[in-house]
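Asks: Please model the entire structure based on the sequences and the hints provided.
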Amino acid sequence: MSASVAAAPAARAFRGIGRDRWGLLGLVIVTIFFLLAAGVWLGWLGQDWARAVGGRWEPAGTEHWFGTNLLGQDIFQRAVYSARTAFEIGLVVALATTVLGAAFGALAGWRAFSWVDDVALWVKGVLDSVPFYLFVAALAYAMQGRAFAMHIAMILTFWTPTARLLRAEVMRLKAQDFVKSAQAIGLPAWRIVLRHVLPNTVHILLVQGTLVFVAAIKTEVILSFLGLGVQDGVSWGLMLAESTQEVIAGHFGNFLAASGFLFTFLLGLNLLSDALQDALDPTMTRRRGRMIKAPA
Amino acid sequence: MFYFLRKIGNSLLLIIGVTLLSFVLMVWFGPDRTFGLLGKNPSQEQIEQVRRQLGYDRPFAERYLDYLGALATLELGYSDSSGEAVRAVLARTIPVTLALVLPGFLLGNLLAIVLAMLAAWHRGRALDRVITGLSVAGMSLSFLVIIIGLQALLCTPYGVNLFPVRGWQVDGFGSYFYYAFVPTLSLVIVSLGYNTRFYRAVFVEEAQREHIRTARAFGASPLTIMTRHVLANSMAPLITRVLFSIPLVIVSGSLLIETYFGIPGVGRTTFEAITNGDQPVLKAVVALTAVSFVVVQLLADFLYRLFDPRIEQAVADGGGAAV
Chain L
131 MSASVAAAPA ARAFRGIGRD RWGLLGLVIV TIFFLLAAGV WLGWLGQDWA RAVGGRWEPA
191 GTEHWFGTNL LGQDIFQRAV YSARTAFEIG LVVALATTVL GAAFGALAGW RAFSWVDDVA
251 LWVKGVLDSV PFYLFVAALA YAMQGRAFAM HIAMILTFWT PTARLLRAEV MRLKAQDFVK
311 SAQAIGLPAW RIVLRHVLPN TVHILLVQGT LVFVAAIKTE VILSFLGLGV QDGVSWGLML
371 AESTQEVIAG HFGNFLAASG FLFTFLLGLN LLSDALQDAL DPTMTRRRGR MIKAPA
Chain F
12 MFYFLRKIGN SLLLIIGVTL LSFVLMVWFG PDRTFGLLGK NPSQEQIEQV RRQLGYDRPF
72 AERYLDYLGA LATLELGYSD SSGEAVRAVL ARTIPVTLAL VLPGFLLGNL LAIVLAMLAA
132 WHRGRALDRV ITGLSVAGMS LSFLVIIIGL QALLCTPYGV NLFPVRGWQV DGFGSYFYYA
192 FVPTLSLVIV SLGYNTRFYR AVFVEEAQRE HIRTARAFGA SPLTIMTRHV LANSMAPLIT
252 RVLFSIPLVI VSGSLLIETY FGIPGVGRTT FEAITNGDQP VLKAVVALTA VSFVVVQLLA
312 DFLYRLFDPR IEQAVADGGG AAV
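Line by line, the protein sequences give chains L and F.
The first sequence begins at 131 in our numbering and counts up one residue at a time.
The second sequence begins at 12 in our numbering and counts up one residue at a time.
Calculated directly from the structure, the hints in this document are not laboratory data.
One thing to keep in mind: the hints can contain errors.
[Claimed, not checked] In silico lysine to aspartate or glutamate, EDC-like type, Cα no more than 20 Å apart, as pairs:
no.: 1; chain 1: F; residue 1: Lys18; chain 2: L; residue 2: Asp247
no.: 2; chain 1: L; residue 1: Lys304; chain 2: L; residue 2: Asp248
no.: 3; chain 1: F; residue 1: Lys51; chain 2: F; residue 2: Asp91
no.: 4; chain 1: L; residue 1: Lys304; chain 2: L; residue 2: Asp247
no.: 5; chain 1: F; residue 1: Lys18; chain 2: L; residue 2: Asp248
no.: 6; chain 1: F; residue 1: Lys18; chain 2: F; residue 2: Asp312
[Said to hold, decoys possible] Cβ pair distances, simulated, as ranges:
no.: 7; chain 1: L; residue 1: Gly173; chain 2: F; residue 2: Glu86; range: 50 to 60 Å
no.: 8; chain 1: F; residue 1: Ala96; chain 2: L; residue 2: Thr374; range: 28 to 38 Å
no.: 9; chain 1: L; residue 1: Leu221; chain 2: F; residue 2: Gly47; range: 33 to 43 Å
no.: 10; chain 1: L; residue 1: Gln313; chain 2: F; residue 2: Gly20; range: 27 to 37 Å
no.: 11; chain 1: L; residue 1: Leu221; chain 2: F; residue 2: Leu23; range: 30 to 40 Å
no.: 12; chain 1: F; residue 1: Glu86; chain 2: L; residue 2: Gly357; range: 27 to 37 Å
no.: 13; chain 1: L; residue 1: Lys310; chain 2: F; residue 2: Arg220; range: 27 to 37 Å
no.: 14; chain 1: F; residue 1: Gly183; chain 2: L; residue 2: Thr394; range: 21 to 31 Å
no.: 15; chain 1: F; residue 1: Pro70; chain 2: L; residue 2: Val229; range: 28 to 38 Å
no.: 16; chain 1: L; residue 1: Asp362; chain 2: F; residue 2: Gly135; range: 47 to 57 Å
no.: 17; chain 1: F; residue 1: Ala96; chain 2: L; residue 2: Gly357; range: 24 to 34 Å
no.: 18; chain 1: F; residue 1: Pro106; chain 2: L; residue 2: Trp174; range: 51 to 61 Å
no.: 19; chain 1: L; residue 1: Leu225; chain 2: F; residue 2: Tyr14; range: 51 to 61 Å
no.: 20; chain 1: F; residue 1: Leu24; chain 2: L; residue 2: Ala242; range: 10 to 20 Å
[To be verified] Chain F regions said to be covered by chain L (calculated; three or more residues, Cβ under 8 Å):
no.: 21; stretch: 31-39
no.: 22; stretch: 143-153
no.: 23; stretch: 270-283
In this text, a Cβ means the ideal position worked out from N, Cα and C, and glycines have one as well.
Replies: Here is the structure:
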């Protein structure tokens, strides 16, 4: 029974996106980037990202599609390899914040106005009151520049909008008859929440997940520029950071490649997220607008 | 009355939370500063003395209370890297940041409100689709991409080369315009997409209500309807949005923009404190911005009540969700 409840939003999502031209475009873009990331991960694509294969700042051409950088590395290879970095960051942060947001939100919503709810609200309020980049700075300072400070900071702060939405939805569902029936036949609360309430919030979690994915990738760019982000490897953020000096000198390869990849991927994710929102919950979509703290 | 007391109590709890968080992260778990402050080959007594000065030999609660006291009296100590009083650093840099960021912040919101009204009035038609489409495109642009792109277009010989690549030598309106133009434009562009979309959603919802239909039936002009009826009734979500984007745009925005354009405001000071591990500056900035944000939220709550006594419920369950 719970399987069919969980499957319904997915089926609705696919039907909805099939009818939505822009959503379909988003799905195609995200799929292409996923294939790129999978290709890198399997070792088929972008493996030469760290090797010097040409001279310094070679112009774009058939051999190096976006030219080479200061160290003679092929910029196109680096941009392709960065798709993997983006997926890793986006997926890790989106999954972790979804779990945290669902747990806190369900707990607070199920026991609304109890002390559990008060504590959850207080934690959210505290995290929302510290400006994000300062929080990362404080965390990076405390962690002495360890590699995962960026991930941890994003996970610790990005779950609050999800939890807030889920709290309201769980409160609404708890008042409905199917939950009351489950309580009446004596099912334990954890079982009702896990099997009957949470599966009915999948649409919120899915949409919020895509929004967090976008936020995480955009945040990585800025943190990498500030020196608080990706420590080794390569990402679009690091390429853009590299390009800040080159643009003034007239070398646009890094900038064009990184911003082109980044913009296309983010556009795809945004279109997909919109289409999901329209397909899964048309009443919520335009009413509240987006509920994510979008980093600049 | 009870409502106000409860709100003030909540804010105090939040202030305890944010100060505790910054204390634990930066002071309690933060790196040991002893040897950074000592010369070469310190004697055991010197080490003991510095550790006593830094309070490393005292218990958690005592040190946290000291920290709260220092924040309350604004006795923020001295910068590790320059030796300047942190209070003086803040007094010097905060006005620069406000002058840099406020115009972009206000324009980003005002332009978005105008565009959102146009889109909401022409809902579903071509103009609406163009505006919402451009918003999504704007939301897909990274702040860094906008800044680098604008710099290449406006500040280098590869574009029109009208503005400085970086710097801040302001001594009048002309030079202010010269140095602030490109940063302001980047701030407007980065916030315009998200803002327009949000305000459009608010206006569309409001425009569907029956009193709007009545106003149209009475022949009120589009401008009157959108400003007098739709905008006036959307003030609560608007204020929430603006307030909650303050830490985002002003603090985070200044961090990136000032670092990039080499402007001596709070953002660049903070960035330098991060890279140098300058704890006195960093903990002052983090704690003070968080505390002032809590205070702003409290004031906003009271403002809502002044604006509209019906608001209690809406703010109680959705106050923070709009960002």
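Asks: Against which earlier hints does the structure fall short, listed by number upward?
Replies: 14 and 19
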